[in-house]
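With the hints as a guide, bring both chains together as one complex.
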Amino acid sequence: MKSKTTTIKVDYLARVEGEGGLYVKVKDKNVTDVQLRIFEPPRFFEAFLLGRDYSEVPDITARICGICPVAYQMSSVHAMENAFGITVDGPLRELRRLIYCGEWIESHVLHFSMLHAPDFLGYPDAIQMAKDHPEIVQAALKLKKAGNDIVTFIGGREIHPINVRVGGFYKVPNRRELKRRLKDQLEEAREIAKVAVDWTASLPCPDFERDYEYVALQHPDEYPYNEGRLVSNKGLDIGIHEYPDYFAEEHVAHSTALHSVLKARGAYHVGPLARYNLNFDRLSPMAQEAARNVGLGSQCYNPFKSIVVRAVETLYACDEALRIIDSYEMPDEPAVKVEPRAGVGHGCSEAPRGILYHRYRIDDEGNIRDARIIPPTSQNQKTIENDLWQFVPQNINTAHDKLTWQCEQVIRNYDPCISCSTHFLKLHIEQE
Amino acid sequence: MPVKRKPKLAVWKFASCDGCQMSLLDCEDELLAVAEAVEIANFPEASRAVMKGPYDLSLVEGSITTSHDAERIHQVRRASKFLVTIGACATAGGLQALRNFGDVKEYISYVYPTPDYISALQKSTPIADHVFVDYELRGCPISKQQLLETISAFLHGRRPITPPHSVCVECKRRNTVCVMVAQGTPCLGPVTQSGCGAICPAYNRGCYGCFGPMESPNPPALATWFENLGMSDTDIVRSFRGINAYADPFRKESEAHEKQNYNN
Chain U
11 MKSKTTTIKV DYLARVEGEG GLYVKVKDKN VTDVQLRIFE PPRFFEAFLL
61 GRDYSEVPDI TARICGICPV AYQMSSVHAM ENAFGITVDG PLRELRRLIY
111 CGEWIESHVL HFSMLHAPDF LGYPDAIQMA KDHPEIVQAA LKLKKAGNDI
161 VTFIGGREIH PINVRVGGFY KVPNRRELKR RLKDQLEEAR EIAKVAVDWT
211 ASLPCPDFER DYEYVALQHP DEYPYNEGRL VSNKGLDIGI HEYPDYFAEE
261 HVAHSTALHS VLKARGAYHV GPLARYNLNF DRLSPMAQEA ARNVGLGSQC
311 YNPFKSIVVR AVETLYACDE ALRIIDSYEM PDEPAVKVEP RAGVGHGCSE
361 APRGILYHRY RIDDEGNIRD ARIIPPTSQN QKTIENDLWQ FVPQNINTAH
411 DKLTWQCEQV IRNYDPCISC STHFLKLHIE QE
Chain H
648 MPVKRKPKLA VWKFASCDGC QMSLLDCEDE LLAVAEAVEI ANFPEASRAV
698 MKGPYDLSLV EGSITTSHDA ERIHQVRRAS KFLVTIGACA TAGGLQALRN
748 FGDVKEYISY VYPTPDYISA LQKSTPIADH VFVDYELRGC PISKQQLLET
798 ISAFLHGRRP ITPPHSVCVE CKRRNTVCVM VAQGTPCLGP VTQSGCGAIC
848 PAYNRGCYGC FGPMESPNPP ALATWFENLG MSDTDIVRSF RGINAYADPF
898 RKESEAHEKQ NYNN
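Top line first, the protein sequences correspond to chains U and H.
All letters in the first sequence, in the order written, are residues 11 to 442 by this note's numbering.
All letters in the second sequence, in the order written, are residues 648 to 911 by this note's numbering.
Calculated directly from the structure, the hints in this document are not laboratory data.
Every residue gets a Cβ at the ideal spot worked out from N, C-alpha and C, and that includes glycine.
Check each hint, because a few of them may be wrong.
Listed next, the in silico SDA-like pairs over lysine to any residue satisfying Cα-Cα at most 20 Å (straight line) [said to hold, decoys possible]:
#1 651(H) to 680(H)
#2 39(U) to 406(U)
#3 244(U) to 277(U)
#4 141(U) to 686(H)
#5 181(U) to 100(U)
#6 728(H) to 804(H)
#7 141(U) to 696(H)
#8 141(U) to 679(H)
#9 141(U) to 698(H)
#10 728(H) to 775(H)
#11 347(U) to 830(H)
#12 770(H) to 60(U)
#13 181(U) to 104(U)
#14 752(H) to 60(U)
#15 152(U) to 672(H)
#16 141(U) to 685(H)
#17 699(H) to 21(U)
#18 181(U) to 827(H)
#19 653(H) to 775(H)
#20 728(H) to 827(H)
#21 14(U) to 49(U)
#22 141(U) to 775(H)
Per the computed footprint, the stretches of chain H lying under chain U, defined by three or more beta-carbons under 8 Å from a beta-carbon of chain U, are [said to hold, decoys possible]:
#23 692 to 700
#24 852 to 859
Isolated chain H (complex conformation) (with noise of 0.2 Å):
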């Protein structure tokens, strides 16, 4: 009986920290375990080593925010079996998807004294704004939890388990007490996928949405919360606006609170 081969695994970076695909390098427990398991055949981060395609699992990295990446995208697609984006960049535009609200233009003049030589589009776009995604990570950065359940669902053939239900479901479990109700701190959980482990509120903050926006969320409903708790229209556009600011029922609420603050 011939030997199967091993699957292929392919990590591709867009504009990002790198932070999600160091969050594979930092299974320092799983990681030599999971290179058993897989033929790492294309993560420059980690390898001089490049084989060719097709890929059997590609983790993307990033957002698009130029006409090559905005290419290259569809290569990788074309060059995988099964695409997962992993992270706030890939899934939701990033933090870098500020611009979105501004012009690129006047970004780059503030940035580079020579703005000619800096190609940028105007927005940065989530990749399955480019391409059919088959399963996303959220987070910023992603769970290490998550990643290895991705892995193994791949390797079993099975759907991966990342509960789309909120933060708040995650403090109960480990029993913090709310932040926003015991002391009045503003926080996103309420409206924010878990999966980070609830970590802010056990450390005395409020949560500001790295892993972006839960399953049928009610930002207007925690909006009226945080005007209650004496936040100004200015603060809720900051709070909404930040990581996962291009998440459509995020970029809806800041956008709201921007008209309104500029109606008054």
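Next up, chain U with everything else stripped away, as it sits in the complex (with noise of 0.2 Å):
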């Protein structure tokens, strides 16, 4: 019999940030290639911030990221202070972690409702899923205009925030502005997030599960933001300085692509999931509630129920920023004293797609003298094509078209961020 060949490909994933294609390819019901093909041109921060001042770094690391800069401020400054033995404490790690709420909620709920839920439904966009539930995306508007409403009160601006700096802020709110300005819009967006909760649940969830390893920061008591131990559901347990020892980044044959690895076990799994799974108990009492009555429980290996985890994890920043704002008192200064000194900073935070590594060797100046940025998206690739290459045979009697569609809806999951990795990643090929 003549063997049939037959492949999947999208030349531009839509509903990602930033550029890139899928290729898959499969013959006679086996796939035989999965390629997740990164094609956005590279940038090379890593390369121009060297010479550059410690100070200067924040403001240059959140243009790797136009959805994420708090994250990209946060895991930069958390490294630098690192460095030069710094700890940032009190109502100034609180204003940290509200900035950090307000960008899970506006980008969680970006995925979730603008660029996730139509692949449930079958839109090609929300714009077109709004003729129809115009409802739920006005809802959904409102509750990521609360979140952005966090980011541009405490940071100056929703994109790329002027207000954070080594040390603290430039500037920080009164308690009664901050209550002021942000409360009402909050209280009124939890109730939205535990609706949106309710809502991601009831979407039609594929049937599909893998045995990750999770990776994800866990606090003794905090759901993780910017600090706390890098930890896995298969025995990893390091600190943040540990990174570097534990994970790789690995040549792939015929390759320009760098996956990043656990030197030990190779693929590992960031982001919304992971840090759910790693660290359910540890969620405020309302949103692990919310999470029970849909029947989420405190594991969950399907990578397409990341729509209800993100849902989840943005009734706990709604929720976390408002305990955030009631006990909030107004610091005596902006920021504390920071002192330049020769020295190696680690800084690791949990950006709304999973972990976010940076490393800085700094001089006596407080010049960058070496740097290195591992975002989440380049940690979760191997991932991604792990996910094609069991759920393309799983599904391989649907209509090529639906499954083509579906082979799309496996990397939103992900809600990969292109335009961060491709520090790292040009184009992945995974030969025969």
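So, in structure tokens, the structure goes:
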């Protein structure tokens, strides 16, 4: 019998941040090749950070990503403070959590309502979806705005905030102002987020599970943003400064891409599902209850369910933001004093898409001498491809157009941010 | 009478962070109204549905950094009746134009262990270096208000209003005390185009030039002020060599001080 080869090809992936494509080759119902192609032009951030002053780094690294600039600012300021031996505590630490809550809300809602949900309901985009479900899209936009308004108020603007600096902020709000500007809106947003958990859980979800190694930050008593240890469900438990000892960028044959892997075990999964599985008991009671009510246990291995987890994390971020606003006391100074000194600093924070690791070597005048940035999407790339290796054979009898769309959905499960990951990725080809 | 066809809007991405096209999705209060007024015909970041060109209005984000993109921008121009560049990357080459002052080969081998696979042009250049641009919106990121103003002006067949004056004017309007005069904080406001709302001085820091040079700026005069505030040539080079490093007036000023630093 003649063998039959088909390909699933998407030249330009839509509803992801940045430029990428997909290529899957199937021979006699077996997958023989999977390529997540990244053709985003490289921008060489690590190279032009060299020789810059430490104080410029948060403004520069923010420009890696227009969707999660706060994550880049947070990982870089924590890395710098780690190098200088500075701890930022009290209300300044709380304000950093607050601005991060804003970014999670903004980024998560953008993804689950406008980029991901249309896949589940068969719409090309949220605008078309809005014609049939206007109330859902309007509520989502309101929720997203609440997140953006946090970032705008604390950070000065929603994209590339200007108020974050090593040691804290340039200006901090007083208690009354903070409440007046954000509280009512966030209380309304929290109610919308509860509905969003129910709604995302009601979407038709493909039956698909994999035994992932989830990697996320873990803090003794908080759901993680800026601090904690790096842990996994398969025994990893290390300090942030040990990242380079346990993780590596791996060359794949005939490929220009570097895949982040755990040296001991290979591919791993970062992002909302990883955080949720490793930190469920640290979510606020309200977020835990909302998850339980829709039948989402404390463990979840279906990547399509990430849409529900993003809604749960959005609810948590609203809840946490309100907690911070209620207990906030204005600090005496907007930043702690920074004395640069020579050294190496590591920072890792939980970007909406997963752990974002930064390392800098700084000289005694505060100039950057070496920089490494490892974004979440480059860490998930191998896992995304592995999902496709398993998903396609399981659904090989699905009509070609539908299967192509579902493969795109598999990729969008990770909310990939290709603009970010392109420090390290150019094109990945895996040969038969 | 035939129904009037809605104008087709396309959004294109070159080397960038996606932030400027995100500004459109960040118009939470206006997005659905925009979608009513135009046909969103090509916006891959938001939709998997792509309509064929030509497009009435194209928004172009990002700079040209690869030979492939240098070709692609001509296709975009051919398919677009009215082309607006959005953001510092598209209008000035962006932060990634910092490589224009170094050697791109060194940059590639610093970031990528297999440099042979990476193809990149020596310079990151603005869209207007390659094709005719009908209008440009400055900023890193652009202002949402200016974006809506531009779409709205396009729909009404008039020219958009985006003031070319300096950030200083915006500071005066919002009653912000001058950070440079009052606190001695270096600020690029006097040579930077307005549009951001003068947020940095309002947050007690100096402007760092996201919107690029204003119309007819005087960077040498500002640099003299910076020297009087105790800034070294290295510091002055850094301050002009940021988000809009390759915009002419800023580039010339940073190069002048680099030379001075070298001669000293």
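For this session: Could you tell me which of the hints above the structure violates, numbers in ascending order?
Result: 19, 20, 21, 22
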